[in-house]
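*Asks:* Chains as they are written, first to last, in numbering that gives the first Met the number 0: chain A, 0 to 337; chain W, 0 to 337.
Keep in mind the hints are simulated off the structure, nothing from the lab.
Zero decoy hints are in this set.
Derived BS3-like pairs (lysine-lysine); straight-line CA-CA distance at most 27 Å:
1) W:291 / A:223
2) W:44 / A:32
3) A:44 / W:298
4) A:223 / W:103
5) W:44 / A:249
6) A:291 / W:44
7) A:103 / W:223
8) A:260 / W:44
9) A:32 / W:32
10) W:32 / W:44
11) A:44 / A:32
12) A:44 / W:260
13) A:249 / A:260
14) W:249 / W:260
15) A:44 / W:103
16) A:249 / A:32
17) A:190 / A:103
18) W:291 / W:260
19) W:298 / W:260
20) A:223 / A:44
21) A:298 / W:44
22) W:103 / W:223
23) A:291 / A:260
24) A:298 / A:260
25) A:103 / W:44
26) W:291 / A:44
27) W:223 / A:291
28) A:223 / W:223
Short derived list, chain A residues pointing at chain W, Cβ under 10 Å:
29) 2
30) 4
31) 8
32) 24
33) 37
34) 39
35) 45
36) 204
37) 222
Pairwise CB distance ranges, derived in the manner of DEER restraints:
38) A:32 / W:13: 22 to 32 Å
39) A:40 / W:335: 27 to 37 Å
40) A:55 / W:89: 33 to 43 Å
Backbone N, C-alpha and C fix where the C-beta goes; we use that ideal spot for every residue, glycine too.
Protein chains: 2
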Amino acid sequence: MGGYVPGEQPQTAGFVKLNTNENPYPPSPAVAKAVEEVLRRGLQKYPDPMAGAFRRQAAEVLGLHPDWILCGNGSDDILTIVTRAFVGQGQMLRLPYPSYILYKSLAQIQGARSEEIHFERDWSLGAAFGRPAADLRLVFLPNPNSPSGTMVSREAILDLAERLPCPLLIDEAYGDFAEFNCLDLPAGNEKILVSRSFSKSYALAGLRFGFVVAQPRMIEQLVKVKDSYNCDALSIAAATAAVADQAWLKENRARILATRKRLTEGMRALGFEVVQSQANFTWNVHPSQPAKPLYERLKQQRVLVRYMDYPGWGDGLRISVGTDQEVQTCLDHLRGIL
Amino acid sequence: MGGYVPGEQPQTAGFVKLNTNENPYPPSPAVAKAVEEVLRRGLQKYPDPMAGAFRRQAAEVLGLHPDWILCGNGSDDILTIVTRAFVGQGQMLRLPYPSYILYKSLAQIQGARSEEIHFERDWSLGAAFGRPAADLRLVFLPNPNSPSGTMVSREAILDLAERLPCPLLIDEAYGDFAEFNCLDLPAGNEKILVSRSFSKSYALAGLRFGFVVAQPRMIEQLVKVKDSYNCDALSIAAATAAVADQAWLKENRARILATRKRLTEGMRALGFEVVQSQANFTWNVHPSQPAKPLYERLKQQRVLVRYMDYPGWGDGLRISVGTDQEVQTCLDHLRGIL
Numbered sequence: 000m001g002g003y004v005p006g007e008q009p010q011t012a013g014f015v016k017l018n019t020n021e022n023p024y025p026p027s028p029a030v031a032k033a034v035e036e037v038l039r040r041g042l043q044k045y046p047d048p049m050a051g052a053f054r055r056q057a058a059e060v061l062g063l064h065p066d067w068i069l070c071g072n073g074s075d076d077i078l079t080i081v082t083r084a085f086v087g088q089g090q091m092l093r094l095p096y097p098s099y100i101l102y103k104s105l106a107q108i109q110g111a112r113s114e115e116i117h118f119e120r121d122w123s124l125g126a127a128f129g130r131p132a133a134d135l136r137l138v139f140l141p142n143p144n145s146p147s148g149t150m151v152s153r154e155a156i157l158d159l160a161e162r163l164p165c166p167l168l169i170d171e172a173y174g175d176f177a178e179f180n181c182l183d184l185p186a187g188n189e190k191i192l193v194s195r196s197f198s199k200s201y202a203l204a205g206l207r208f209g210f211v212v213a214q215p216r217m218i219e220q221l222v223k224v225k226d227s228y229n230c231d232a233l234s235i236a237a238a239t240a241a242v243a244d245q246a247w248l249k250e251n252r253a254r255i256l257a258t259r260k261r262l263t264e265g266m267r268a269l270g271f272e273v274v275q276s277q278a279n280f281t282w283n284v285h286p287s288q289p290a291k292p293l294y295e296r297l298k299q300q301r302v303l304v305r306y307m308d309y310p311g312w313g314d315g316l317r318i319s320v321g322t323d324q325e326v327q328t329c330l331d332h333l334r335g336i337l
Numbered sequence: 000m001g002g003y004v005p006g007e008q009p010q011t012a013g014f015v016k017l018n019t020n021e022n023p024y025p026p027s028p029a030v031a032k033a034v035e036e037v038l039r040r041g042l043q044k045y046p047d048p049m050a051g052a053f054r055r056q057a058a059e060v061l062g063l064h065p066d067w068i069l070c071g072n073g074s075d076d077i078l079t080i081v082t083r084a085f086v087g088q089g090q091m092l093r094l095p096y097p098s099y100i101l102y103k104s105l106a107q108i109q110g111a112r113s114e115e116i117h118f119e120r121d122w123s124l125g126a127a128f129g130r131p132a133a134d135l136r137l138v139f140l141p142n143p144n145s146p147s148g149t150m151v152s153r154e155a156i157l158d159l160a161e162r163l164p165c166p167l168l169i170d171e172a173y174g175d176f177a178e179f180n181c182l183d184l185p186a187g188n189e190k191i192l193v194s195r196s197f198s199k200s201y202a203l204a205g206l207r208f209g210f211v212v213a214q215p216r217m218i219e220q221l222v223k224v225k226d227s228y229n230c231d232a233l234s235i236a237a238a239t240a241a242v243a244d245q246a247w248l249k250e251n252r253a254r255i256l257a258t259r260k261r262l263t264e265g266m267r268a269l270g271f272e273v274v275q276s277q278a279n280f281t282w283n284v285h286p287s288q289p290a291k292p293l294y295e296r297l298k299q300q301r302v303l304v305r306y307m308d309y310p311g312w313g314d315g316l317r318i319s320v321g322t323d324q325e326v327q328t329c330l331d332h333l334r335g336i337l
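Produce the complete structure using the sequences and hints provided.
*Replies:* Dropping the structure here:
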């Protein structure tokens, strides 16, 4: 088993880092204040195992009841919890292809099988994705998807959930950058779960915090599988402060979307095919220039983008939406290389 | 499946809390400084997936090479990683009884079987604990043990590792309070792994940080199973600062050991049988007074201790070593109840 390999995280400074979809701006100032308050109270006691303060605050902001929310040490922890709760050894997990590489690794770690259903060329999903199958126990659907930034409609998701015999997790790690989301769908169908991350839209990748929304009966199943104290006192306080500051989120989102437009147009002007993204990155394929040398040349010039090669599908560059200046630097270097 | 239920964590103040083995003193002042430094740098980037700064610092303090260390989101995360790496569905995990309740829960979550080998009445382990068995894939041995605070000797552990056909994880969550430890044993036998927690001796239960020491080839296996970013940037910096401050650890340990002596003698004076503990708690059984009503009466008086009932073994009170004053309050209340 190879294990999942995350994007490069250079431990030296000086890179324009557009490879792991981090937010280029610092988080809400309320985050540091909340962390400092916990430091004053001390760290010697265990945190609240259920992160009640976050659940109450997020429930208020999202119009949910706290019982519908479970917190994780990053949304990767949520994906792990959901996999362990529903998929046994030898059973099946379904995912679209190409999408988040971790899903398949989670199946492998679990000793489970995984079935990859290819996206259509227009990034829609064919009927096979919703087809019942023996031993199928869980379906992952990132929405927006990575690397494309494309989305499957709410109607298509409801239809999938109706047809599937098992839970369907909608991974909305990039949901805050999109035009719509599915946070209200679990209320109408207990098979639907929706996960969220604080790494992208809340600029808290360093913190590790995510959550899942599902019907309380589902949440109870997940609680049995999670580490008792999976979220620490600092991250609970920080995420609670972050989710309370929706004005910050709105402003940050607007900046990212403006730069995403600039990046998309700039890449298209350089001759790349760029599908319209609803996330904080774009997926870029050049009709004549191979992607890998472009990635390598950019890296030599200390601009890190993500080179993705999906066997049986193709390769390309996934470029995160940085600041306007970072994106301009990337575009300028590419212009020099092409 | 019931899932593991941690000790009570009242979210209201006013309890003398001696039920989950937290350190009663705040952590090293270096911890807050390190966290504040990360806050200044910002949280928007992902943390170092391998927590290199901690590995280098801990390696220096412990006289190891960084490659021998893997960090976890609490030592519970380490126990989960080790279980997932070595134990498949239907395979066997062995643990002593009574010991840390989580071990059995980890086997259940994994769909694995678990085999509990009873401690002898003097808290030693019989030959059955080291006996090879079909499908045996992992053995957990907490040392010091909970709830007893007792230890198995280094010689006995080396003998166990020789005889066992699978990895043996020595859980040293309480190792810093003991007279000896096994941190050097992995060097001589690749089957031995030693895990450590920052929740007890470093007074950082709120932080979630732990690590495991094993041969690099073992560590590589574990890396494939862990969440990519299982430790956040704040906890990595905090734990690095904490482990660097060995003067703090030494002083804190001395205070805890002095109060442990006071607690042990106080409980014995009240008629309890108290086995000599090498951890930051004691295990207390009264020859005539049932333990559960004592726990309940203490709780009414806002003193929380841990009532433990081990079917087929017996019950008792596990009392954490708090401050001198907290321990005195507990003893005074018990004197009034008995």
